[in-house]
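J.: Read off the chains here:
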Amino acid sequence: MALNSILKFFLPKDKIFFQLFENVGETVSIMGARLKDVVHEKDFDKRAILIKEIEDLEHVNDDYTHRIFTELGRNFITPFDREDIHYLATSLDDICDYIYASAKKINFYKVNPDDSGFQKMAELILSSCNEVQKAVAELRDMKNLRKITDAMVLINSIENQADDIFDMSIEKLFETEPDAKEVIKKREIYQIMEIVTDKCEDAANVIESIIIKYA
Amino acid sequence: MALNSILKFFLPKDKIFFQLFENVGETVSIMGARLKDVVHEKDFDKRAILIKEIEDLEHVNDDYTHRIFTELGRNFITPFDREDIHYLATSLDDICDYIYASAKKINFYKVNPDDSGFQKMAELILSSCNEVQKAVAELRDMKNLRKITDAMVLINSIENQADDIFDMSIEKLFETEPDAKEVIKKREIYQIMEIVTDKCEDAANVIESIIIKYA
Amino acid sequence: MALNSILKFFLPKDKIFFQLFENVGETVSIMGARLKDVVHEKDFDKRAILIKEIEDLEHVNDDYTHRIFTELGRNFITPFDREDIHYLATSLDDICDYIYASAKKINFYKVNPDDSGFQKMAELILSSCNEVQKAVAELRDMKNLRKITDAMVLINSIENQADDIFDMSIEKLFETEPDAKEVIKKREIYQIMEIVTDKCEDAANVIESIIIKYA
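Protein chains in written order, with the working numbering: chain A, 1 to 215; chain R, 1001 to 1215; chain Z, 2001 to 2215.
Keep in mind the hints are simulated off the structure, nothing from the lab. Please note that a few of the clues may not be correct.
Claimed, not checked - Derived DSBU-like pairs (lysine-lysine); straight-line CA-CA distance at most 30 Å:
hint, chain 1, residue 1, chain 2, residue 2
1, R, 1181, Z, 2134
2, Z, 2213, Z, 2134
3, R, 1134, A, 172
4, Z, 2172, Z, 2105
5, R, 1172, A, 104
Claimed, not checked - Derived CB-CB ranges, DEER-like:
hint, chain 1, residue 1, chain 2, residue 2, range
6, R, 1015, A, 188, 15 to 25 Å
7, A, 66, Z, 2147, 44 to 54 Å
8, A, 15, R, 1209, 44 to 54 Å
9, Z, 2119, R, 1168, 39 to 49 Å
10, R, 1209, Z, 2153, 29 to 39 Å
11, Z, 2022, A, 66, 44 to 54 Å
12, Z, 2214, R, 1157, 45 to 55 Å
13, Z, 2146, A, 15, 55 to 65 Å
14, A, 108, Z, 2146, 52 to 62 Å
15, A, 53, R, 1209, 46 to 56 Å
16, Z, 2014, R, 1090, 27 to 37 Å
Heads up, the beta-carbon is just placed ideally off N, CA and C, and yes, glycines get one too.
With the hints as constraints, model all of the structure from the sequences given.
T.: Quick look at the structure:
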């Protein structure tokens, strides 16, 4: 808190946004890594510990997001459009919410995540989260536009791959799972995981529109 | 209609909004009470009568909402931001829509509502609706801010409790209901009921942002 | 492309929007017709060809929509509010997305579409799409307001009929289909088809608000 105040004193006001977004980007990336751990952990109780970690990270991210909105509420010049800041913070927050939701549902439904669909999906989510972190980090100086556009292209391509993995997983699920209740549970988890990659794409689209205006 | 015109003549224009919002708040509260009656009524046909009553109330509320939008379309000074009025009316309307949807689905799916999950959920919905009515009623003079903030706190707490009841109900449903078709039906009703408490929270958030600006 | 450039040279800038919206309206109408063909085609492989055609039309529409957004990004006077253009293009694009989604799911889930629910729904979708095309086409000169309002009324009435067909189909599905997995699949397709008629209504509402402002 004290450090925080000192930082605020020395940092030009608009630098706070970059710092907060970088914190969020880092959290997104760690949560993606933790979700991958969850779907590779075969023990229910060990998974519970990982899921608790994801829950804590989600709360940390809520705090960052809340601070971004608080800073936005004060009246001073922002580094880019207020509504872009608002929308970027919201879509990054959505990524965290859906990562947590998919992790939570796995133990909640007592679903065995040792399944190629869940594991491929988690792999794609992690890659997309890492690209989101890179793109967010480049917003500060926008010197390396190439790095941002590379991240955009990858995030879009990952979202398409996730759609295909989703379709294949659902098709396999209906064909091989005899218990309709299991179908309902797993289908919901696939759907939530697929939304994570959509939300990464949303974040990428806001970053793209910021670049077009300011770079 | 005649009375309505006389009222309009005597009331300062912006008082119309308070009146309409109070009507909506009252309807929300009555609909919450009726939904509780529905889940405690064991007879299908008697439930049908209660559900019809909820449907009628939902139409009444549509009329109020429509009038709020019509008044908003005319160009004069509004008591608070036009978009806040728009968003508040929309979220209150959503509460009514989802209360009606959950009541309707019970008989539509021929689901037996004599279930602790449905009954606890309806209890929470009624409490939240009552708090929404209180908060809306205080908007007129904003003298008793304490009353509004107390309502906000309760609505948020109820939404959290509803999440827990939802999780417990879904867990129990998957564990105890052997018929997957019943799982699908009941899960949908729980989901709709849970959304009612989310919509109450949305309404509370708009009211909070109005208070911050104007109180 | 060359022709396109010549057109752009001769057409007053704002005429481009009318042309693009007419192209979209036509695509919407053809996609509605193709969806009706899909649910009447009993052979899986022949259906696959029709679905591929719908997919291609959806891509064509994406291009039109993208061009509308690009034209909107340039700074010149638009024939009506920029946000109305944006919202109209988005809702027309949604119609196409959901038509394609419902067609695609039929073969994806290997569902037999020879079912009165699917066929009535497709019939309603086609009627609504045709009315959307008529309303969009009248935007250019707004001389025949009667034609537009007739289309609006029909689109709203179709949406209500689709709600009823949806309810009846779901009721019948739960009562007659013993396999819960089939229930999940067909229910999802009914839901997507019902959304198409909602999106037609959304488009109609934007057109109505444009008329109110400009006619």
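J.: None of the hints should be skipped; say for each whether it holds.
T.: Now the hints, each set against the structure:
This hinted pair does not check out: residue 1181/R and residue 2134/Z have alpha carbons roughly 42 Å apart, beyond 30 Å. For the suggested pair residue 2213/Z and residue 2134/Z, the alpha carbons sit about 19 Å apart, so the restraint of at most 30 Å is met. Our distance criterion of 30 Å between C-alpha atoms is broken by residue 1134/R and residue 172/A, whose separation comes to about 51 Å. At roughly 20 Å between alpha-carbon atoms, residue 2172/Z and residue 2105/Z fall within 30 Å of each other, so this suggested pair holds.
For the hint pairing residue 1172/R with residue 104/A, the CA-to-CA distance comes to about 17 Å; that is within 30 Å, so the pair holds. Taking 15 to 25 Å as the suggested C-beta distance range, the pair residue 1015/R and residue 188/A does not conform, at roughly 48 Å. Judged by the Cβ atoms, the range 44 to 54 Å given for residue 66/A and residue 2147/Z holds: they are separated by roughly 51 Å. For the pair residue 15/A and residue 1209/R, the beta carbons lie near 27 Å from each other, so the given range of 44 to 54 Å is not met.
A hinted range of 39 to 49 Å for the beta carbons of residue 2119/Z and residue 1168/R is consistent with their spacing of about 41 Å. Between residue 1209/R and residue 2153/Z the beta carbons are some 37 Å apart, a value that agrees with the proposed interval 29 to 39 Å. The beta-carbon spacing between residue 2022/Z and residue 66/A, approximately 47 Å, falls within the hinted interval of 44 to 54 Å. Between residue 2214/Z and residue 1157/R the C-beta distance comes to about 48 Å, which sits within the given range of 45 to 55 Å.
A beta carbon spacing of about 59 Å between residue 2146/Z and residue 15/A agrees with the range 55 to 65 Å that was offered as a hint. The hinted window of 52 to 62 Å between residue 108/A and residue 2146/Z holds, with their beta carbons roughly 56 Å apart. The hinted range of 46 to 56 Å is not satisfied by residue 53/A and residue 1209/R, whose Cβ atoms lie roughly 33 Å apart. The supplied range of 27 to 37 Å is met by residue 2014/Z and residue 1090/R, whose beta-carbon atoms lie about 32 Å from each other.
Hints 1, 3, 6, 8 and 15 from the list above are not met by this structure, while the remaining hints are.
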